[in-house]
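Chains as they are written, first to last, in this note's numbering: chain W, 1 to 395; chain C, 1 to 274.
Some hints could be false.
Residues from chain W shown here face chain C by an in silico Cβ test under 7 Å; the list is partial [what the hints assert, rightly or not]:
(1) Thr32
(2) Thr35
(3) Ser42
(4) Glu46
(5) Gly48
(6) Glu53
(7) His56
(8) Glu58
(9) Ser59
(10) Glu367
In case anyone wonders, no lab produced these hints; they're calculated from the structure.
Quick caveat, the model's predicted, so the values are computed rather than measured.
Note that beta-carbon positions come from the ideal geometry of N, C-alpha and C, so glycine has one too.
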Amino acid sequence: MPGKKIFISGDEAVAEAVRMARPHVISAYPITPQTVTVERISDFVEDGSLKSEYLHVESEHSAMSAAIGAAAVGARTFTATSSQGLLYMAETLPYASGARFPIVMMNANRTVATPWALLSDHRDSLSQLDSGWMQVYCEDAQEAFDMILQAYRIAEDPRVMSPVMVNLDGFILTHTYEMVDLPDQEEVDAFLPPYRTENRMDLEEPRTVCYASLDEYMEFHMKQEFDMRKARAVIAEVDRDFGIRFGRQYGGLLEKYRCEDADAVIFTLGSVTGTVRSVIDSMRGNGYRVGLVKMRFVRPFPEDEVVDIAEKVKAIGVLDRDLSIGYEGIVFSNVSSSVLRACSAPAMVNYIGGLGGRNISKDNIQEMFLELLRAADGEKGKRVRFVNVGSEYDG
Amino acid sequence: MPRPEVLDWLRKRFFPHMWCPGCGHGIILHAILRALVDSGKKREETVIASGIGCSSRMPGYIDACTIHTTHGRSLAFATGIKLANPELTIVDVMGDGDCTAIGGNHFIHACRRNIGITAVVMNNNIYGMTGGQASPTTPLGAKATTAPYGAIDPPFDICKLAQGAGATYVARATIAQPVICEQYIKNGLANNGFSVVEIISSCHTQFGRKNNRRTPLDNINFFRNNSVPIAKAQGMTPEDLEGKIVTGEFVKRETPEYTRLYLDLISRVGGNKA
Ligand SMILES: Cc1ncc(C[n+]2csc(CCOP(=O)(O)OP(=O)(O)O)c2C)c(N)n1
Ligand code: SF4
Ligand SMILES: [Mg+2]
Chain W
1 MPGKKIFISG DEAVAEAVRM ARPHVISAYP ITPQTVTVER ISDFVEDGSL
51 KSEYLHVESE HSAMSAAIGA AAVGARTFTA TSSQGLLYMA ETLPYASGAR
101 FPIVMMNANR TVATPWALLS DHRDSLSQLD SGWMQVYCED AQEAFDMILQ
151 AYRIAEDPRV MSPVMVNLDG FILTHTYEMV DLPDQEEVDA FLPPYRTENR
201 MDLEEPRTVC YASLDEYMEF HMKQEFDMRK ARAVIAEVDR DFGIRFGRQY
251 GGLLEKYRCE DADAVIFTLG SVTGTVRSVI DSMRGNGYRV GLVKMRFVRP
301 FPEDEVVDIA EKVKAIGVLD RDLSIGYEGI VFSNVSSSVL RACSAPAMVN
351 YIGGLGGRNI SKDNIQEMFL ELLRAADGEK GKRVRFVNVG SEYDG
Chain C
1 MPRPEVLDWL RKRFFPHMWC PGCGHGIILH AILRALVDSG KKREETVIAS
51 GIGCSSRMPG YIDACTIHTT HGRSLAFATG IKLANPELTI VDVMGDGDCT
101 AIGGNHFIHA CRRNIGITAV VMNNNIYGMT GGQASPTTPL GAKATTAPYG
151 AIDPPFDICK LAQGAGATYV ARATIAQPVI CEQYIKNGLA NNGFSVVEII
201 SSCHTQFGRK NNRRTPLDNI NFFRNNSVPI AKAQGMTPED LEGKIVTGEF
251 VKRETPEYTR LYLDLISRVG GNKA
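Isolated chain W, as found in the complex (with noise of 0.2 Å):
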C-alpha cells in the first residue's frame, strides 16, 4: 500500500496504525470515546485488510487477559480503553507488565466516575502510574498514529520487553478529523519487523509463564526496573530511527519549544499542548521570556531531562488535568521530585485543570504564565492553584 494523506479522526488514525502494525490478536470491550477505533479494527479484520483475530470479548478484565494470554504465546497484540475500562483493567495490568509482554494499548483519556462524566482528562491513566507499564501522551492524531507504530518498537525491543499505554485527549483528540500522513505499508515492515520472542510458551520445550516466586520477588522487579531505565535510551533510539524513515520526530522523553533563554515554562501532558504552544507565539511576540515543556513519556520518568530544564529557567509551572485528592497533581508530583535533583531551585507551581473537560482558555494559560514570571521575581504565592473555577473555590 503506497504512502498517502487522509483525513480522519485520532480515533481512526489509531485503527490505521493498528492495522499497518500487523497484530495477530485484538482484543476489546467498547466504551466511548474509543468506540470508534475498535468498529474501524473489526471493519478491517472482517474485510480482511487485517489478518488478525479479533475478539469480542465481554469486559475490559476479559479483554486484557487475552490479550495476556496470546501474549504468552508469543503473539503481537492489541487493546484499546479509556476510563472505567481501564479502572476494571488494573487487576491485569501489572500481570501483563511483571510477565514482561510488549502489549499496546490505546487509552482515550477520559475521566473517571462518580460523579459519572464522559468528557476528558488524565485521572485514568495517571491512577495507573505504578502498573509497570510505559505512558505516553499525545498531542494531535498524526502524532498517535507514529506512537503506535513507534510503541510496538520499543515495547518489543528486547532490552525492554514491557507494555506501552498510549494515550490521547478523549474527544478533544479522539473525534475531530485532521489530515494523518499514513506511510508506505513496506517502510512501516521495513521500521517494525515481525515480533519474535522467546518469552512466550514453547511447544517444543513446555514450561511456564506467569510463574510465582518467593525468593526473587524483588530481584525481579528490580530487573523490571532496570530495564524500564533503559527503555529511555530506546525511546530516543526508535525516535530517532522513525523521524529519518518518515520525517516526523517527536523528541523522544518530551519536547521542549522555545525554552532556550525562557524563565518560565509550563508542563503539560496531552492535547492543551497546542494551545499552550500558541499563547507562548504571542507572547513572545510581546518579549515575554515563556516556554513549553511538553511531557511525552511520564513512564518511563524524564529524571535528567527536567533536571537539565530546572537549571536553566527561575519558574516552573505543571499544568495537570488530574488530581491525586489529599495532595496535589501526580506530574506536579513526579516533576518535583525530579527537580530537587537540581543545583538550583526554581519556584514551583502547580495548576489543576480541565477536570471531566472543563475548558482551559488561552487567557488561562496567560495569566498562568505571568503569575509564574512574578514568582521567577520573588513574589510568593499558592503551591497549587486551580484553573478556570470561581474565585471562591481557588481562595
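Mind docking chain C with the ligands on chain W? Use the hints.
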C-alpha cells in the same frame, strides 16, 4: 398520558430525558412505574438501581431512592442494599450488555442466591449507548458496528440463563405488550426472591438502522409479528421457532429468599439481630 399517581414518581427536573424519541426504554419506564404504584409501593421504600447504558439512565427519571452504579455491577450494589435493609423493595434495571456481558457474573450469582430483588432486563440486542456494538444477545447474523457482516457469536437466552442459575420468577414480554410488561413486573415484585423480567426493547437508532427496523414503529411491528406465547411455542418445532420471541412466564416457584435465610441463620447461632 400517565395517571397522576404515576406522574408523581417522575423526577421532573431531570427531563427532558436523553433517550432518542421513540426509544423502547420509555415504554418500560412507564410499565415499571404503573407496576410500582399498583403494587402499593412507596417512593421512600423503593430503591431503583442501575448500571451504565441508555437503559441504565432510568433511575435518574424516577423520583424514588435511586443509584446509578458502574457498568454491569448494579446487582452487586443492590445486593449490599438489600442485605443492609431487607425491608426495601429493590428494582434493578439493566441493559442486555450490562446484564449479560460485563455483569454476567453478578447476574448468575444473584439468581443463585435468590435474593429479593426484581431485575428488569431491557434487551435491545445491542450496546445502545456506546454506538451499536454487538452484545451477547445480538442475534446470529444481525449487524452491529463491531459485526459489520453479521454476528457469528451464539447469543444468550436471558430467561434460560436465569432459570438455569436459580431465579424463582422468570418472564419475558416485549414493548409491544405494555400491559403484559406491567403485569409481569408486578408478579416479579410480588415474588419473595430473585425475579427476572426480560423485556424485549428496541433501539431503532443503533440496532434498527442496520437491521431493517429503522423506525420505532418498524420495531413494534416486528415484535408483534414475531412473538409466540409460551403455550403455542410448546407445540412448535425448533425450526419454526427460529427468529421468534417466546413470551410468557417461564418460572414461578417458591424457595426461601436469601436475606430471610441469612437473618434466620444469625438468630439460630445466637447473634443479636432478629
Ligand atoms: C467498565 C466499563 N466498560 C465499558 C463501559 C462503556 N459502556 C457504557 S454503556 C455500555 C453498553 C450498554 O449496553 P446495554 O447494557 O445493552 O444498554 P443500552 O444502552 O443498550 O440500553 C458500555 C459498553 C463502561 N461504562 N464501563
Ligand atoms: S441509542 Fe438506542 S437505546 Fe439509546 S436512547 Fe437511542 S434508541 Fe434508545
Ligand atoms: Mg442494550
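Hints versus structure:
no.	hint	in the structure
1	Thr32	holds, 5 Å
2	Thr35	holds, 5 Å
3	Ser42	holds, 5 Å
4	Glu46	holds, 5 Å
5	Gly48	violated, 11 Å
6	Glu53	violated, 13 Å
7	His56	holds, 6 Å
8	Glu58	holds, 4 Å
9	Ser59	holds, 4 Å
10	Glu367	violated, 35 Å
Of the numbered hints stated above, those contradicted by the structure are hints 5, 6, 10, listed in ascending order.
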